[in-house]
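Protein chains: 2
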Amino acid sequence: MRRDFLRAATLTAAAAAVPRAGEAQPAPATAKRPVTLADWGSFHVGGKEHVVSGQPVREVLFSPGGVPAKVDPNGTYLIGGMYAQYMVPEPARGRFPLLMWHGGGLTGVTWENTPDGREGWQHFFLRRGWPVYVSDAVERGRSGWTMLPEATGGQPVFLTLDNPYERFRIGDGPGSYARKTTLPGNQFPADDASYRNFVRQCVPRFTTTDALTLDAYLALLDRVGPSVVMAHSQAGLFGWRAAQERADKVRALVLVEPATVGDPAKVAALKDVPVLMIYGDYIAQDARWPTIRANGIRFAEAVRAAGGTVDVVDLPERGIKGNSHMVMMDRNGDEVAALVQDWLAAKGLWA
Amino acid sequence: MRRDFLRAATLTAAAAAVPRAGEAQPAPATAKRPVTLADWGSFHVGGKEHVVSGQPVREVLFSPGGVPAKVDPNGTYLIGGMYAQYMVPEPARGRFPLLMWHGGGLTGVTWENTPDGREGWQHFFLRRGWPVYVSDAVERGRSGWTMLPEATGGQPVFLTLDNPYERFRIGDGPGSYARKTTLPGNQFPADDASYRNFVRQCVPRFTTTDALTLDAYLALLDRVGPSVVMAHSQAGLFGWRAAQERADKVRALVLVEPATVGDPAKVAALKDVPVLMIYGDYIAQDARWPTIRANGIRFAEAVRAAGGTVDVVDLPERGIKGNSHMVMMDRNGDEVAALVQDWLAAKGLWA
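The listed protein sequences derive, respectively, from chains R and L.
For what it's worth, this note's numbering labels the leading residue of the first sequence as 1, then goes sequentially.
For what it's worth, this note's numbering labels the leading residue of the second sequence as 352, then goes sequentially.
Quick caveat, the hints were computed from the structure, so don't treat them as lab data.
There is no bait here: all hints are sound.
Restricting the straight-line Cα-Cα distance to at most 27 Å, the calculated cross-link-like pairs of lysine-lysine (BS3-like) are:
hint, chain 1, residue 1, chain 2, residue 2
1, R, 70, R, 48
2, R, 271, R, 347
3, R, 48, R, 266
4, R, 32, L, 383
5, R, 180, L, 399
6, L, 617, L, 399
7, L, 600, L, 399
8, R, 321, R, 180
9, R, 70, L, 531
10, R, 32, L, 600
11, R, 48, R, 249
12, L, 600, L, 617
13, L, 383, R, 249
14, L, 600, L, 622
15, R, 48, L, 531
16, R, 347, R, 321
17, R, 180, L, 421
18, L, 698, L, 617
19, R, 271, R, 249
20, L, 600, L, 698
21, L, 698, L, 672
Chain L regions said to be covered by chain R (calculated; three or more residues, Cβ under 8 Å):
hint, segment
22, 391 to 402
23, 421 to 429
24, 445 to 459
25, 464 to 474
26, 487 to 501
27, 640 to 646
The beta-carbon is built from N, C-alpha and C at its ideal position, and this holds for glycine as well.
Build the full structure now, drawing on both the sequences and the hints.
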C-alpha cells in the first residue's frame, strides 16, 4: 500500500521534470520525503604512477584572455585512481555499506536517477537505511581519464545515439532506433526526451583497463571495509573478481545483468559469499544475451559445486516483465530493487 | 566559538582519513553533525547533436569472455551535455540555490572535499541552509567527453604530478615539486598523501570548448531558475558570461580567483548583479597571476562604471594569509567561505 503510494508520487514528480536538451526546465520537484544523513562526502582511491618522456613542451592558453603557460607533458602522471561518493543515512539499517558499481560506458549516475526523472536505486537503498557508496570506474566520470593510450592499452569506444537503444534490449532489433519501435511491453522510459537523457549519461568506454579498474575496486574495499557489492553489466566481472580477491570484505554480491564471470580457477574463494544474479526480459530473442546469460549460469553452477550459494533470478519467470538491460532505470525498477532488498534482508544483512 | 569547535572536529576527522593510493583506509569518520535533505538527485542538461560519417565499422569485445558486438561509429552523437547533482537542505535558508562551478582540469569534486579529508565548501554552504548544485563542466567528469576532436576543437591537456604544485601557488616556483618546498605559510594541504589526492581529482582539460560549456551553464540556469553562482578559476569566464546572458537568473556572482573576465561589450548587463571577487596570497611574486588579477580588476572597474556593484577582496589585505589558487581546499578555506557567507547574507540572499 505504502509502496504503491510512493510510486505514484515519484511518477508524478517525473512527469513534471523530464529534461530535454536546450529547453527551459522546472526546478526538481521537492515534495519528497526528507532523509537525514549522518555523513556524506567523496574521495579518490587507488591508482599508480606512469612516466612519460621525450615529448616536446607546449605553450597552452588555458582561457581566452588569460596568460599562456608552458606545459611540459614529460614527467610522472597519476593514473587509474577512482572516485567514490558516500551518503550515510540516519538511522542506518544496512549492516554493511552498499557499494554500487556501474556498467561499461557509464558512470555512477546509473544509480542516481532515471532518465525520466524518478529517483534512482541510490535513493531506494539510502531510504531503506543503507550507507551507499556510488563510484565512477577507472577512466570514467570523476575518476578522470588518462589521455595516454600507452598507459591504458588503447582508445575507448564512444557510442552513437542509436547504439544503446538497440544493444540494451530497449528497441526491437537492428534499425529500431530509427523506427522508434521498442520491444513489446518494454519498461525502459524510451520516449525521446528520456532516452536522450540516458545517452547524455554515457561516456567513452575503455575496454582495456580491467586490471586497473579491479585494482581500484580492491582499494575501495580496503578503504571502506566489509561491504555489500552491487554490480551492473561490465562490473559483474569486477564484482566476481573482487569477491574472489577479498572474500573477507564482500559480504554479499548482487549482480544485475552481469556481462561476464569471475576467475574459474578461484570459485572456491566464493563459498562464503552469498550471490544474487538478476536477468531481465527479452534475452532469448537477443543476439548476444543468451550466450552471456548461459556463461553466467554455468559459472554460478561451478560456484555452487565449490560450496557457494548463488541465487539466479529470471525476472519474467517471477512475473516481473519488460526489463531492459538498464533494470534500475526501467519504470518497474523499484520492484526489482525491492526483490534485492528482500534478498539482502533474508541473508541477515539488514535489520 | 561554535565555528572553532567545528573546525577542530573536522581536522580530527581529516587526520584519521587521509587516503593514499594503494593503502588500506579507515571508513570515513561518522562523528559529524547530521544534515536533513528535503531532496537530492542529479540530472544532465544541454548538449547538441554531432554527426559522424565515413568511418569503418569495428567489432568490439566489450568485456573479456563476453560476446563481441559490432560498433558503427557513424551516426549521431550527443555532445556537450552537463551533469549536475543537487542537495536541498531542510530547513533551507538560502533564498536561491547556490550553483558551484569548478575550474579548469577539475570536476565538481573541487567543492566536495579537501585533499586532506576535511569537508568541502559543498558541506559548508549546505550546512548553512543553501540548496547546493555541484556540476561537472562540459567534457569533464560525469558530463562525459566526446572523443571527437573535430567536435570539440582539439585535444585536451592532461597534467603531470608537478604541474599544479608549481602553477597553483602551492610550491615556491619552478622545481618546487621536486624539492617539496612550498611558499612560506602556504595553507594548501601539501603533504605527499594529500597532494596526490588532489592530483587524482584532476582530469584532462579541454581549452577549446568554452562555447559548449557556456551553453550548458545557461541551460542549467534555465532549468534551475534564479540562483547564486559561485565560480572558480576558469569558470570565472562562465560566471561572468552567464550573468551577462541571464542577468535575471544570476542573483549574485561569487568569483574565487577568476582566471578570466566577461564580455567587455556587455558590462551594462551586470548592473543589477552583485559580484564578489576573491584573490588569494602570493600573487605579486607569481609569473602569471599579477596580469590575471589586473585584468580582473580592470573589468570590475568597467562594470562599476556601468552602474554595477563589484566587491574585490584581497585575502592577505584582510588578514587571511597563505591561500593558494585552490582556496576552498586550503586549511583556512572555511574562513574564506565564512567571508562569502557574510557577503551573501549582507546582500539579503540568506535569511
